[in-house]
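Undergrad: Okay, here's what each chain looks like letter by letter:
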Amino acid sequence: MKAVPITTGKLADRLECRIEGDAELLINGIATIEEAEKDHLTFLANPRYRKHLPNCRAGAIIIDEKEETPASVTRIISTKPYTDFQSALGIIYQSPEPEIAKGISQRAQVHESAVIGKDVCIGDNVVINADTQIGDGCIISHGAFIGTSVRIGKNCEIGFNAVIRRDTIIGNRVVIGDGTVISSDGFGYVPDASGYHKIPQIGSVVIEDDVEIGANCCIDRATVGCTRIGRGSKLDNLIQIAHGVQIGEDTVIAAQTGISGSTRIGSKVIIAGQAGFVGHIEIGDNMVVGAQSGITKSHDIKGLISGYPARPHSESVRRDANINRIPKILERLKELERKSKKE
Amino acid sequence: MKAVPITTGKLADRLECRIEGDAELLINGIATIEEAEKDHLTFLANPRYRKHLPNCRAGAIIIDEKEETPASVTRIISTKPYTDFQSALGIIYQSPEPEIAKGISQRAQVHESAVIGKDVCIGDNVVINADTQIGDGCIISHGAFIGTSVRIGKNCEIGFNAVIRRDTIIGNRVVIGDGTVISSDGFGYVPDASGYHKIPQIGSVVIEDDVEIGANCCIDRATVGCTRIGRGSKLDNLIQIAHGVQIGEDTVIAAQTGISGSTRIGSKVIIAGQAGFVGHIEIGDNMVVGAQSGITKSHDIKGLISGYPARPHSESVRRDANINRIPKILERLKELERKSKKE
Amino acid sequence: MKAVPITTGKLADRLECRIEGDAELLINGIATIEEAEKDHLTFLANPRYRKHLPNCRAGAIIIDEKEETPASVTRIISTKPYTDFQSALGIIYQSPEPEIAKGISQRAQVHESAVIGKDVCIGDNVVINADTQIGDGCIISHGAFIGTSVRIGKNCEIGFNAVIRRDTIIGNRVVIGDGTVISSDGFGYVPDASGYHKIPQIGSVVIEDDVEIGANCCIDRATVGCTRIGRGSKLDNLIQIAHGVQIGEDTVIAAQTGISGSTRIGSKVIIAGQAGFVGHIEIGDNMVVGAQSGITKSHDIKGLISGYPARPHSESVRRDANINRIPKILERLKELERKSKKE
Numbered sequence: 001m002k003a004v005p006i007t008t009g010k011l012a013d014r015l016e017c018r019i020e021g022d023a024e025l026l027i028n029g030i031a032t033i034e035e036a037e038k039d040h041l042t043f044l045a046n047p048r049y050r051k052h053l054p055n056c057r058a059g060a061i062i063i064d065e066k067e068e069t070p071a072s073v074t075r076i077i078s079t080k081p082y083t084d085f086q087s088a089l090g091i092i093y094q095s096p097e098p099e100i101a102k103g104i105s106q107r108a109q110v111h112e113s114a115v116i117g118k119d120v121c122i123g124d125n126v127v128i129n130a131d132t133q134i135g136d137g138c139i140i141s142h143g144a145f146i147g148t149s150v151r152i153g154k155n156c157e158i159g160f161n162a163v164i165r166r167d168t169i170i171g172n173r174v175v176i177g178d179g180t181v182i183s184s185d186g187f188g189y190v191p192d193a194s195g196y197h198k199i200p201q202i203g204s205v206v207i208e209d210d211v212e213i214g215a216n217c218c219i220d221r222a223t224v225g226c227t228r229i230g231r232g233s234k235l236d237n238l239i240q241i242a243h244g245v246q247i248g249e250d251t252v253i254a255a256q257t258g259i260s261g262s263t264r265i266g267s268k269v270i271i272a273g274q275a276g277f278v279g280h281i282e283i284g285d286n287m288v289v290g291a292q293s294g295i296t297k298s299h300d301i302k303g304l305i306s307g308y309p310a311r312p313h314s315e316s317v318r319r320d321a322n323i324n325r326i327p328k329i330l331e332r333l334k335e336l337e338r339k340s341k342k343e
Numbered sequence: 001m002k003a004v005p006i007t008t009g010k011l012a013d014r015l016e017c018r019i020e021g022d023a024e025l026l027i028n029g030i031a032t033i034e035e036a037e038k039d040h041l042t043f044l045a046n047p048r049y050r051k052h053l054p055n056c057r058a059g060a061i062i063i064d065e066k067e068e069t070p071a072s073v074t075r076i077i078s079t080k081p082y083t084d085f086q087s088a089l090g091i092i093y094q095s096p097e098p099e100i101a102k103g104i105s106q107r108a109q110v111h112e113s114a115v116i117g118k119d120v121c122i123g124d125n126v127v128i129n130a131d132t133q134i135g136d137g138c139i140i141s142h143g144a145f146i147g148t149s150v151r152i153g154k155n156c157e158i159g160f161n162a163v164i165r166r167d168t169i170i171g172n173r174v175v176i177g178d179g180t181v182i183s184s185d186g187f188g189y190v191p192d193a194s195g196y197h198k199i200p201q202i203g204s205v206v207i208e209d210d211v212e213i214g215a216n217c218c219i220d221r222a223t224v225g226c227t228r229i230g231r232g233s234k235l236d237n238l239i240q241i242a243h244g245v246q247i248g249e250d251t252v253i254a255a256q257t258g259i260s261g262s263t264r265i266g267s268k269v270i271i272a273g274q275a276g277f278v279g280h281i282e283i284g285d286n287m288v289v290g291a292q293s294g295i296t297k298s299h300d301i302k303g304l305i306s307g308y309p310a311r312p313h314s315e316s317v318r319r320d321a322n323i324n325r326i327p328k329i330l331e332r333l334k335e336l337e338r339k340s341k342k343e
Numbered sequence: 001m002k003a004v005p006i007t008t009g010k011l012a013d014r015l016e017c018r019i020e021g022d023a024e025l026l027i028n029g030i031a032t033i034e035e036a037e038k039d040h041l042t043f044l045a046n047p048r049y050r051k052h053l054p055n056c057r058a059g060a061i062i063i064d065e066k067e068e069t070p071a072s073v074t075r076i077i078s079t080k081p082y083t084d085f086q087s088a089l090g091i092i093y094q095s096p097e098p099e100i101a102k103g104i105s106q107r108a109q110v111h112e113s114a115v116i117g118k119d120v121c122i123g124d125n126v127v128i129n130a131d132t133q134i135g136d137g138c139i140i141s142h143g144a145f146i147g148t149s150v151r152i153g154k155n156c157e158i159g160f161n162a163v164i165r166r167d168t169i170i171g172n173r174v175v176i177g178d179g180t181v182i183s184s185d186g187f188g189y190v191p192d193a194s195g196y197h198k199i200p201q202i203g204s205v206v207i208e209d210d211v212e213i214g215a216n217c218c219i220d221r222a223t224v225g226c227t228r229i230g231r232g233s234k235l236d237n238l239i240q241i242a243h244g245v246q247i248g249e250d251t252v253i254a255a256q257t258g259i260s261g262s263t264r265i266g267s268k269v270i271i272a273g274q275a276g277f278v279g280h281i282e283i284g285d286n287m288v289v290g291a292q293s294g295i296t297k298s299h300d301i302k303g304l305i306s307g308y309p310a311r312p313h314s315e316s317v318r319r320d321a322n323i324n325r326i327p328k329i330l331e332r333l334k335e336l337e338r339k340s341k342k343e
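Chains as they are written, first to last, in our numbering: chain A, 1 to 343; chain B, 1 to 343; chain C, 1 to 343.
Fair warning: there could be bad hints in the mix.
One copy or two, it doesn't matter: identical chains are merged, so the pair holds either way.
[Unchecked claim] Here are the simulated lysine to any residue pairs, SDA-like style, with alpha carbons at most 25 Å apart: (1) 339 with 303; (2) 154 with 194; (3) 334 with 324; (4) 334 with 320; (5) 198 with 246; (6) 198 with 98; (7) 2 with 114; (8) 154 with 196; (9) 10 with 193; (10) 342 with 9; (11) 51 with 264; (12) 102 with 149; (13) 339 with 136; (14) 198 with 16; (15) 268 with 195; (16) 154 with 137; (17) 102 with 130.
Derived by calculation from the structure, the hints in this document are not laboratory data.
Note that the structure is predicted; figures quoted are calculated from it, not measured.
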């Protein structure tokens, strides 16, 4: 991305931060604390990286006033360095041009009954089927497929080679990552003596406003009703959302997590990576789910659950510590047995 | 999907069920117990959802005769509500038209030596290479790639942007999901002082009749011989099948499971989500493997294995319960030590 | 793949191995010990497969001299059968022709400012954007997207429907698997009262020489700086590499592993399948990480770590054994309590 140079003084003004050092220094980019050079801004937010401060070669740093820095580094004093770093990213870097030209590519196939909004970018080899609506300002990247009777709101971005099958409903400002598949059939079979028989999956998927979904995810359509991702929720890469799952608003899910059929996740839940949920359970609002947890039943507590089967984290930690006490238990038992024999 | 309206009476007849209530009610669709309105059919199969019965607004419900329902709801009395619900789906909903037009798209590239059957739908931007055979009635979705010398049987459906590399053999009525990659090279390297060197992967993949594979899966080709998915087996999304794996018939594998090289899974095995198998082991017929299990050796028992390393589930449960007994053990030890000191 | 027939005698010469049996036997292919017929070569490297030796129908076998084989099988005596098997694969099988024709497909879209090397194969429906360089001898498979200002070295192979977004730097002889997504935005959001707000991801991805990455992986671009995969490292399928991760040289990572943001993995590390790493930690050179491990902090020891949270493997095994001792502990406690009561 292209940086727009700015002086440290002007940057500090815009961040509403005090500056210590050279207010005329021209910043040409942002870099990590280890890689920043003298025309770069860097930041210290996570104390793990404090060890790199003595050798920091950056021109300027966003930092808490209590931290010590080399004399050569101009300090932008902040009480919330990570948030101010994020703001600085937005100030110094311009959003890049989209990779797809304005308008509808001559190499796209848009069905005559599809309704396409204004100011769209529809890429090469895109196929858009009948009765589908694409809102104003959408970017549909090269190679994406949009099925029949799909509705996509305004200012959405659909990734390269993404697949959105029929009847999907997508809100405004939604981002769907490259290679992600929305509304493939749910995994539903009924067994009999001759094998497994597919259950028709007649439901759909609803993705509400401001949802962002990463790359190579799978969001299956519901058997009946819909699979729903609530407003503002953010999903990382390689996530599996099975048929009929309901996810609340502003919930964040890290990579490689899987949620089984008909499970309901509340709002403002935070789920770490590689967690797995069985089907037909409910997770309350505001919960936090640890990485690799296996969630086997409904939970609705304050705070973090972890482990397999998932438990309140304090309980997981206690169990873990208790296992470590077994060798000592064996010693104490032996001592008691020795004494008991003597008597 | 489009519903074909039917009266409750006719539907009950076709399901061979007794009806209690209005046999003339016109059903326009199927919905979940929470969402069904008065022109909808719903069902109760899982007791978790019984709590929604008192407020059920559905026109009709497929239900066990012992359950109580509001007087307004017509009852279709069933001893197997889930199976009858599944049949009702097939009666009320028509399969949708495929998303790809009949014939071979002018925007597909089919090699002149490829043999294409009758009644196929071959989509835009599909590439089919030399010496490949596609059977009658196949649907090859937009953006799919079918390599050299692949054989695909009759009535298969290959998903959008799926990749099927050279020499793959696919039976009849096989479904391959969107974005799934079949016959990519197995992960085989030999290390020496200069680094890792690729082992040629000269084998192939065989997918037998009636197999269904979900979206964004990876099925690697064997080093020698073949990777095989047996007749009737069903795989969910985001599954990894490594080189040389053999899967039996009518085995079901849930999402995000991974099976390492040369492992053999029996027939009628059920594998829950996110399970992982090391290489070169054997899992017997009819076994059940718990979610997130780590299977580190061969197993051939009746019933369920779970945990890491995977054990018979009863053993996993007992170990889990035993860990919970440690605090009590510590108390009892302390008491004995107190007594012993006194004496 | 096509085999080039060779006599057992000539093959043994090229492998620098002694032969016992018929040196004039013509070998037409390589097969597994169970499937090999009389014109096939097979091998025994893993003792698990020794049980198949008595029924081996192969014409020839690469084998340690101590093993017993049926009299009908010509023996190629080897002290390192797996390495010699791998060499035999390279001798007997020719690399197949690439699936993409030489030159730039008329159905590819290459921006006029892109610089394309000699002897390339650029497939159908490929899009290559402005200011991008593709080195000599590269294969860009059908449906791949290469964004703006990407640099790809010589003799690389980019898989079908792979996505390489802007500013990515790729070395020489790199393989990127089908459906893999490189340089999608890292998963970074800042919450406030109104929800989560995206942090611009201005960094890039660097993939060094001789790296090979499997199918349907996701390698995210860094927030600032770059995500780096070091020279010679090999990644299997369905792997998640988050923003800012640094992977050393000659490190091997098995399928479905996930590495969270800013974590550093050393060189010559071996990571088994489905392992998960939290962010901002460091894993030392030469370490081995067990399958399904959950790595919650930095480690730098000799040998293997395993379990959740990951520990030195000997410790994991000991803990596991200790849990098994709880029933016996309970018995011993009971006995002591019985005695203590009597007294």
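Undergrad: For residue 102 vs residue 149, is the C-alpha pair at or below 25 Å within one copy, between two copies, both, or neither?
TA: The answer is both: 24 Å in one copy and 19 Å across copies each meet 25 Å.
Undergrad: At most 25 Å between CA atoms: does that hold for residue 51 and residue 264 within a copy, between copies, both, or neither?
TA: between (43 Å within a copy, 16 Å between copies)
Undergrad: Are the CA atoms of residue 198 and residue 16 at most 25 Å apart within a copy, between copies, both, or neither?
TA: between (60 Å within a copy, 21 Å between copies)
Undergrad: If the cut is 25 Å between Cα atoms, do residue 198 and residue 246 qualify within a copy, between copies, both or neither?
TA: both (22 Å within a copy, 23 Å between copies)
Undergrad: As a check of your reading, is residue 154 near residue 194 (CA-CA no more than 25 Å) within one copy, between copies, both or neither?
TA: between (48 Å within a copy, 20 Å between copies)
Undergrad: If the cutoff is 25 Å on CA atoms, where do residue 334 and residue 320 land: within, between, both or neither? Let me know, please.
TA: both (23 Å within a copy, 20 Å between copies)
Undergrad: Reference check for the pair residue 268 and residue 195, CA-CA at most 25 Å: within, between, both, or neither?
TA: Between. Shortest inter-copy distance 9 Å satisfies the 25 Å Cα cut-off; intra-copy 41 Å does not.
Undergrad: How would you classify residue 154 and residue 196 at a CA-CA limit of 25 Å: within, between, both, or neither?
TA: Between copies only: 19 Å across chains, 41 Å inside a chain, cut-off 25 Å.
Undergrad: My question is about residue 154 and residue 137: at a cut-off of 25 Å on alpha-carbon distance, are they close within one copy, between copies, both, or neither?
TA: Only inside one copy: residue 154 and residue 137 sit 6 Å apart there, 38 Å across copies, limit 25 Å.
Undergrad: With identical chains treated as interchangeable, where does the CA-CA distance between residue 2 and residue 114 reach 25 Å or less: within a copy, between copies, both, or neither?
TA: between (36 Å within a copy, 19 Å between copies)
Undergrad: 25 Å Cα cut-off: does residue 339 pair with residue 303 within a copy, between copies, both or neither?
TA: neither (46 Å within a copy, 41 Å between copies)
Undergrad: Which holds for residue 339 with residue 136 at a C-alpha limit of 25 Å: within a copy, between copies, both or neither?
TA: neither (84 Å within a copy, 81 Å between copies)
Of the hints listed earlier, those the structure fails to meet are numbers 1, 9, 10, 13, in rising order.
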